[in-house]
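Start from the sequences, fold in the hints, and give me the full structure.
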Amino acid sequence: MTVTTSSLARLPRPLGRIRESIPERFAPYAYVAPFFLLFAVFGLFPLAFTFVISLFEWNPIGTKTFVGFDNFSTLLTDPRFWNAAGNTLSIWVMSTVPQLIIALGLAHLLHAARLRFANFFRMSLLIPYITSVAATAIVFAQLFDTHYGLVNWVLTLIGGDPVNWLAGRLSSQFVIALMVIWRWVGYTTLLYLSGLQSIPREMYEAASVDGAGGWRQFTSITVPSLRPIIIFTVITSTIGGLQIFTEPLLVNPTPALTCGAARQCQTLTLYLYEQAFGDYKFGYGAAIGVALFVMVVAIAAINFALSTRLKGSH
Amino acid sequence: MRSKSRLVAVATVALSITAALVGCSSNDSNGASASKDFTFWSFTGINAKADVQAYEKAHPGVHIKLTEVGSSTDTAQALTTALAGGKVPDLVLIQGADLPKFVENPDNFVDLNTLGAKKIKSDYAPAIWSQSVASGGQVLGVPTDVGGMALSYRKDLFAAAGLPTDPAAVSALMPTWQDYLKVGKEYTEKTGKPFLDNAETSIFYQMIGQGSQQFYNNKTRKLDYDNATIKTAFNTSVEAVEDGLSANLTSFSTGWSAGLQKGAFATIATPSWMLGSIKSNAPDTSGDWAIAKIPGSSGNWGGSYLAIPKRAAHVQAAWDYIKNSQSPTSQLNHFLDSGSLPTTVANYTNEKLLAKTDSFFSGAQIGKIFTESVAGLKPFYVGPDSAQIGTDFQNAIINLENKKVSADQAWSSALSSIKQDVAK
Amino acid sequence: MSGSTVDLSAAAKTPGTRSSSQPGAPRRRHSGRVRWWVYGILILAALGSAFPLYWMFVVSSTSTAAATQLPPRVIPGGNFFHMVGVVFSTVPFARSILNSIVIAVAIGGGQAVLCALAGFAFAKLRFRGRNVLFLVVLLTMTVPAQLSIIPQYMIISAFNWVDTLQGVIFPGLASAFGIFWMRQHLASTMDDDLMGSARIDGANSWQIFWRIAFPIVRPAAFVLGLLGFVSSWNDFLWPFIVLKSPENYTVQIAIQALQKSYTVNLGLAMAGSFLATLPLLVVFFFVGRRLVAGIMDGAFKG
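Chains as they are written, first to last, in this note's numbering: chain L, 1 to 314; chain X, 315 to 738; chain W, 739 to 1040.
Hints were generated in silico from the structure; no laboratory data involved.
Bear in mind the structure is a predicted one, so any value in this text is a computation, not a measurement.
Treat the hints with care, since some could be wrong.
Stated by the list, open to error - Below are the EDC-like pairs computed for lysine to aspartate or glutamate, each with C-alpha atoms no more than 20 angstroms apart in a straight line:
(1) L:K281 - X:D412
(2) L:K64 - X:D421
(3) L:K281 - X:D735
Said to hold, decoys possible - Just a sample of chain L residues kept apart from chain W, beta carbon distances all over 10 angstroms, derived:
(4) T63
(5) F66
(6) F69
(7) T74
(8) L76
(9) R80
(10) V93
(11) R169
(12) L170
(13) A206
(14) D210
(15) G213
(16) S220
As the list claims (entries may be wrong) - From the derived model, a few chain X residues whose C-beta atoms are all more than 12 angstroms from chain W:
(17) K371
(18) A372
(19) E382
(20) G525
(21) Q527
(22) T663
(23) N664
(24) S673
(25) E686
Ideal Cβ placement from N, Cα and C applies to all residues, glycine included.
What follows is the structure, encoded as structure tokens:
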């Protein structure tokens, strides 16, 4: 969103000098029409309709009653909603912070000149990205199985006690965060690597002449130069993190819709899905969706403020 | 005020547009297919394909488009989405636990009385038939099977613990749940191993199905879940967990499946349809198992119904299938093939059925044992929130098993969950 | 869901200057040889990336009982082809692969063309409402996919598209991320002077698009198509809701159907998962370099 909003300001100057014929004047609409037709039908209308549903007590197979903003006032005092919001937040922190740090480190290593097999390493880091989440979830659930999982087996080998991973709050969220990290760290690494490659070599050379060591160079050149892209990956992983759904749904099947009997890893989108499709409370589910939407917009706004400040400081 | 009424207006317009859109599609009857053909949504894993093929063979010219949607829950959710605004199947299988939500909104289904359900009603066990009857008297579904209960146990593990292994002796050893706990403690003390797979299904769920009332008052149909029957069932489960009798393995999980193979527990409350599940999860344990009566002697877990959605295009073809495939004779044959227990009362005294045994379970008299458990069943009212309330209680027991909640807190935590779930 | 995550994280990019990102281009920051531990860490990372795939193969090549034995088995057994046979006989797997290919190619290709065309209009043409329309696209980019499932399903039903491949394809074509991606590429890579002179030569915008703009963004469109291909191949929830008949299943639905309700068969589930990923691996083998280059090319650069 940073780029998106700020780039609006610098939309390229259109070519208007040459007098356009009538069909030419309408041509742009023809080019965007196929996209917007599909977009209106399958994107915009459903979205708007969700807002409408959120004002109803809406049983998909029963009665539909207009209740105004009742669903939203219920939401504010619903402990399960806040539980899901808290879980979403903590999974986001656990998955984003290590992911960005690991990606930064890996990008740094991949940036080494004369690295052999550089393309092999880059490609191998993208393998998680092409592996389906559903398949990944099955594998992770099995690796972290209490009784027969590989992880607990290793734990007991080195003298630890087996952990009931998926039953605990933090531990189940850790497993989910690990899936997210595993899936996205390679992608993020490539983004950082690309950022690293655009830092001019002369800056490092000048720093070396000034006597700055490796760590100093890292903190005073590498990190500041990458700052925009780092902020960016934080923002995008926030938006992605708010929507996390498949991982918690599939990793803890007992019971799946609550991600465990104590709702220990139920995220906001999972709670939305449980209310709408498990309990047939479409109105309430839609209200959760609207709340999510508001959060996302708020984050976009914060992002906009941040990026403006960043621009101003340059 | 003004903005509110405007919102209503906008909402109404949007709604009617959608209704119109949806209406268009539903008028469209499935194109070219002949009137004898129909679509059928069923569950995975119950071999619905075989039933359908048998029907097609017996009725030349009929083509059934079968979809095995997923688990029973998946199927109910898909049906809900379809009913809300989509193409519905002509025939759908609904599991007992999912049924009350649909019974509460009977307008979504064809009232089978209009097709002649009254004529066949007397064939079926009243306690089971009544579950699909709405408050207005509409009949939504015909029961296909009932999950009569028994107790499966590992003969070898019982012998090793010095317990009797003969089904009659085991049945006599634990006629009540208190006896079951007593034997369990003995077993666990001797072997150091858990006695049952998990307390939430093998104890709690069974006990609450044996009373004459469950989560609702039968007469007033009002919620009444904080009662003695439920509390006893809950406390018995808590005791089992506290004494280490439960292996804490959730039914149908990977660990549970592995536990079956490795003998991680000695007993498991088994509905008739679960026999197949044990066989396929632990094929190597053939002959190690035997089957005794369930403590408390009666029970029902699962069982499904065939229903016809209102907007179905081929109602008569679907009804013909129901009538034919669920007739007493068909149900008997189905039981002899697959072991799913009939809902038609005439079969409960059928000699062939009573003589049926299962070699995997050391020749257990499954026909007799399961039929007896159904005969003892008392009808009670199952309401729209019954499934959710049951899940909340079971979750509390799971949390206790996972040591996420203490025994004292378990009951109150369950009650507070329920309060939130039943609040409108 | 994975799709939305893909879109959003990838949305973080505007194309930068293309000079620096040629993979393998000689860049000399550290002089001298790369230390052994750098290779050590990178090899560990590569192994970690591939491990779940390997694990799928191990479990699917052993018997069900072996899947839960202790100590866990880490060497593949000889049961894999048997499991493959079971997969193909339990669900119409070949058909589902074909369906997945049709859907993923249609969505990937469709996104590339539609978004290139619309991105061109947004980047290089002037028309009323341009900024507003673009803002709307950006806003909806952030909306979780689960939110609109119910109304989307109603629309699909209204078109009578339930249980059809087009019911999956059409909603997937309009990618807000894609239009953003293509607009940024065109804005930064296509010279305005080029357009001006083409105009003077009498070319209309349609000709300019096909003769000048599209050739320039073809690599970017290709990568966009790839991303669309991968995310629609792996999408689960929407196809699960729309597709009902086994002959219309995508591979992800077919895997789910493999798992019988009351029986746990890890070997079968893993074999299905492995087979479902295999086609993507093959594609990745051939175009992986271009995907890597494309992601890095599209990376955000201040």
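Right, here's what the structure says about each hint:
Proximity of L:K281 to X:D412 is assessed by CA-CA distance (about 15 angstroms); at most 20 angstroms being required, the pair is judged to hold. About 14 angstroms separates the Cα atoms of L:K64 and X:D421, which keeps this hinted pair within 20 angstroms; it holds. Distance check on the hinted pair: L:K281 and X:D735 sit about 11 angstroms apart at the alpha-carbon level, within 20 angstroms; holds. The claim that L:T63 is not at the interface with chain W holds, since no C-beta of that chain comes within 10 angstroms of its own (minimum 16 angstroms).
Distance to chain W confirms L:F66 as a non-interface residue, since its nearest Cβ pair spans about 17 angstroms, more than 10 angstroms. No Cβ of chain W comes within 10 angstroms of the Cβ of L:F69; the nearest lies about 18 angstroms off, and the non-interface call holds. With a cut of 10 angstroms on Cβ distances, L:T74 stays outside the contact zone with chain W, its closest approach being about 18 angstroms. The Cβ of L:L76 lies farther than 10 angstroms from every Cβ of chain W, with a closest approach of about 19 angstroms, so its non-interface assignment holds.
Annotated as non-interface, L:R80 keeps its C-beta farther than 10 angstroms from every C-beta of chain W; the closest such distance is 17 angstroms. Look at L:V93: its CB is around 17 angstroms from the nearest CB on chain W, clear of 10 angstroms, so calling it non-interface holds up. Its beta-carbon lying about 22 angstroms from the closest one in chain W, L:R169 satisfies the requirement of being farther than 10 angstroms from that chain. With a minimum CB-CB distance of about 22 angstroms to chain W, L:L170 clears the 10 angstroms threshold, and the non-interface call stands.
With a least beta-carbon separation of about 13 angstroms from chain W, L:A206 lies farther than 10 angstroms from that chain, consistent with its non-interface assignment. No beta-carbon of chain W is positioned within 10 angstroms of the beta-carbon of L:D210; the least distance is around 16 angstroms. With a cut of 10 angstroms on Cβ distances, L:G213 stays outside the contact zone with chain W, its closest approach being about 13 angstroms. Distance check on L:S220: its Cβ is at least 15 angstroms (rounded) from any Cβ of chain W, clearing the 10 angstroms threshold; non-interface status holds.
Look at X:K371: its CB is around 20 angstroms from the nearest CB on chain W, clear of 12 angstroms, so calling it non-interface holds up. For X:A372, the condition that its CB be more than 12 angstroms from all CB atoms of chain W holds, with the nearest at approximately 23 angstroms. At roughly 7 angstroms from the closest C-beta of chain W, the C-beta of X:E382 falls inside 12 angstroms, breaking its exclusion from the interface. The claim that X:G525 lies off the interface holds: its Cβ sits roughly 26 angstroms from the closest Cβ of chain W, which is beyond the 12 angstroms cut-off.
Distance check for X:Q527 against chain W: the nearest CB is about 29 angstroms away, which clears 12 angstroms, and the non-interface claim stands. The non-interface label for X:T663 is consistent with chain W: the shortest C-beta to C-beta separation is roughly 29 angstroms, beyond 12 angstroms. In this structure X:N664 is separated from chain W by more than 12 angstroms, as the shortest Cβ-Cβ distance comes to about 26 angstroms. Under the 12 angstroms C-beta cut-off, the non-interface status given to X:S673 relative to chain W holds; the minimum distance is some 19 angstroms.
A cut-off of 12 angstroms between C-beta atoms confirms that X:E686 is not in contact with chain W; the least separation is 24 angstroms.
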